[in-house]
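**Q** Using the sequences provided together with the hints, build the complete structure.
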Amino acid sequence: MKEFLVKLGKIDRRVIYLLVILAVVIPLIVKIRLPIFISRETNGVYTIIEHCPEDKIVLLDCTWDAGNRGENWPQTEAVMVHLMRKGIKFAIMSRIPQGTGFGREIAEKVAKKYGKKYGIDWCNLGYLPGEAAMIQALAKDIKGVVKKDIKGTPLDSIPMMQGIEDIRDISLICGIAYWPSEDWLRFVQGVYGTNVAFCSSAIVSSAMYPFLDSGQLCGLLVGVRGAAEYERLLGTEELGTELIVPQSMVHLLIVVLIVLANIGFWAERREKKEERRGIRDEGGETGK
Amino acid sequence: MKERVVKIITLLGGLYYFLEFVLPQEIKGHTTYLSSFIVPMGNILMVLWAFAVGLGLINLSITHGKKVKKLEPGWIYSIAFFIAMLAMMVTCFLDTYHPTSLVRQFYEILFTRMYMPLGATIFSLLALFMATSAYRAMRVRTFEATVMVVSACIIMLGQVPIGLWMTRTLPSCIQLPRVSAWLLWIANTAAYRAVMFGIYMGMIAVALRLWLSLEKGMELR
Chain A
1 MKEFLVKLGK
11 IDRRVIYLLV
21 ILAVVIPLIV
31 KIRLPIFISR
41 ETNGVYTIIE
51 HCPEDKIVLL
61 DCTWDAGNRG
71 ENWPQTEAVM
81 VHLMRKGIKF
91 AIMSRIPQGT
101 GFGREIAEKV
111 AKKYGKKYGI
121 DWCNLGYLPG
131 EAAMIQALAK
141 DIKGVVKKDI
151 KGTPLDSIPM
161 MQGIEDIRDI
171 SLICGIAYWP
181 SEDWLRFVQG
191 VYGTNVAFCS
201 SAIVSSAMYP
211 FLDSGQLCGL
221 LVGVRGAAEY
231 ERLLGTEELG
241 TELIVPQSMV
251 HLLIVVLIVL
261 ANIGFWAERR
271 EKKEERRGIR
281 DEGGETGK
Chain B
1 MKERVVKIIT
11 LLGGLYYFLE
21 FVLPQEIKGH
31 TTYLSSFIVP
41 MGNILMVLWA
51 FAVGLGLINL
61 SITHGKKVKK
71 LEPGWIYSIA
81 FFIAMLAMMV
91 TCFLDTYHPT
101 SLVRQFYEIL
111 FTRMYMPLGA
121 TIFSLLALFM
131 ATSAYRAMRV
141 RTFEATVMVV
151 SACIIMLGQV
161 PIGLWMTRTL
171 PSCIQLPRVS
181 AWLLWIANTA
191 AYRAVMFGIY
201 MGMIAVALRL
211 WLSLEKGMEL
221 R
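In the order they appear, the protein sequences are chains A and B. Going letter by letter, the first sequence gives residues 1 to 288 in UniProt numbering. Going letter by letter, the second sequence gives residues 1 to 221 in UniProt numbering.
Don't read these hints as lab results, they were simulated from the structure. Here a beta-carbon is modelled for each residue, glycine too, at the ideal position from N, C-alpha and C. Incorrect hints may appear among the rest.
Derived DEER-like restraints, expressed as beta-carbon distance ranges [said to hold, decoys possible]: (1) B:L214 <-> A:G115: 56 to 66 Å; (2) B:F37 <-> A:V256: 58 to 68 Å; (3) A:K117 <-> B:H30: 41 to 51 Å; (4) B:A84 <-> A:I29: 27 to 37 Å.
Only some residues are given here: those of chain B computed to face chain A with a beta carbon under 10 Å [to be verified]: (5) L48; (6) A50; (7) Y115; (8) A120; (9) A127; (10) R139; (11) G163; (12) L212.
As a list, the in silico SDA-like pairs of lysine to any residue whose alpha-carbon atoms are at most 20 Å apart [claimed, not checked]: (13) A:K143 <-> B:L45; (14) A:K7 <-> B:S133; (15) A:K148 <-> B:S133; (16) A:K10 <-> B:W75; (17) A:K147 <-> B:W49; (18) A:K151 <-> B:Y97; (19) A:K147 <-> B:V47; (20) A:K147 <-> B:Y16; (21) A:K109 <-> B:E108; (22) A:K10 <-> B:M130.
**A** This is the structure in structure tokens:
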């Protein structure tokens, strides 16, 4: 029994890899439904979009690529579905070259479903380098920074961009990235008071809570969990709802592994203690 | 001389952004003129950014080129770099300026069928490494370690629906999603703010050193 307990702390890493793979694959094959708790941070994003005025646009900063597709894709899709359903116009931009492609792909898919048109309901501003300097300039004069959209059409010729001059014409900035840029808070929310919401990966979300608590961020979608909660609020079941189940299983597996590792660790510790005590006792007897 | 010019540009650039941020657009009805230059300054920086990307590309080409020329160990990977770079570059150029169905197909193969799965694979490997490292590292040795392990388990389960399902029969205030939310909103926020105070103090010091060109390594050789 003791040996078995010690072995629990020494499971081969290949067995763990296999368990992780099974925990991901099985829920994708066998459909399992789990209850979803709507968090305050997800509700914040939903509420702010619900109250966005129709005469202003929403700016989506899609700064993510293939590596973070699993988390940022369902988040982007959920936010776009909400915007298109509400008839709120939005512009996509990205701080990395790959981001605009992903944003466009999702927007085209959602637009097709809701009968929305490019240039009237949404547009793609493309890749905007320059980080903080670009953000500061964009807030002052959008058309001064972005002269043409990704297709090369001048912004003035795009119906939805007519009358959109600076940050006052933007009702919400939604930063979707592995780690959304805090420059939106420093140079836009702090200066102009524009609403800012973030959709981040789960691993970095703990860094966003101070901004939520201070009211600088009006909402946050945390990884796939945020997307699944948002889909629940929208009454849809898309990628987020599908992916949250495998994620749940992997989290549960990791917790179980941590418990097993600690059982093994304590059993080994006890065994070593007993061994030491045995050696001491033997030494004592020999001494006598 | 060159060094002095760089230092003066750094000082003026930093001073401009600092004053533009702290001063209002107008003081007693007189414009400061600072905000009128924010867009051209932003555009200049965007161009500089593009130059930096170009410079990076040249640097990479020189490094890998030398490796191939001297047939140093791993030169085959340098050839892979050149092939990948050129293939992506040419396809993107053609797709933008000469879009045909063939170019589009090739672009789809490179980007959608190769680049995207590769990126996703690298990130997916993290899940496996995280599971094994959590298994090996999260040991209850001390009181502090116990607090960390317990908090981590609560957050891990509370952040996903299974946590709610497991504690659904308990009173709502002690259900895992709520305990996890308390940890994130209160305990984590306080600790993270404390850490950030320290980091930002350091960042201010580094920014000042860079602005005033006191940082080592800023000298031109």
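**Q** Each hint needs a verdict: does it hold in this structure or not?
**A** Going through the hints against the structure:
no., hint, in the structure
1, B:L214 <-> A:G115: 56 to 66 Å, "59 Å, holds"
2, B:F37 <-> A:V256: 58 to 68 Å, "59 Å, holds"
3, A:K117 <-> B:H30: 41 to 51 Å, "46 Å, holds"
4, B:A84 <-> A:I29: 27 to 37 Å, "35 Å, holds"
5, L48, "8 Å, holds"
6, A50, "7 Å, holds"
7, Y115, "6 Å, holds"
8, A120, "5 Å, holds"
9, A127, "6 Å, holds"
10, R139, "5 Å, holds"
11, G163, "8 Å, holds"
12, L212, "19 Å, violated"
13, A:K143 <-> B:L45, "16 Å, holds"
14, A:K7 <-> B:S133, "17 Å, holds"
15, A:K148 <-> B:S133, "48 Å, violated"
16, A:K10 <-> B:W75, "40 Å, violated"
17, A:K147 <-> B:W49, "18 Å, holds"
18, A:K151 <-> B:Y97, "11 Å, holds"
19, A:K147 <-> B:V47, "14 Å, holds"
20, A:K147 <-> B:Y16, "24 Å, violated"
21, A:K109 <-> B:E108, "17 Å, holds"
22, A:K10 <-> B:M130, "16 Å, holds"
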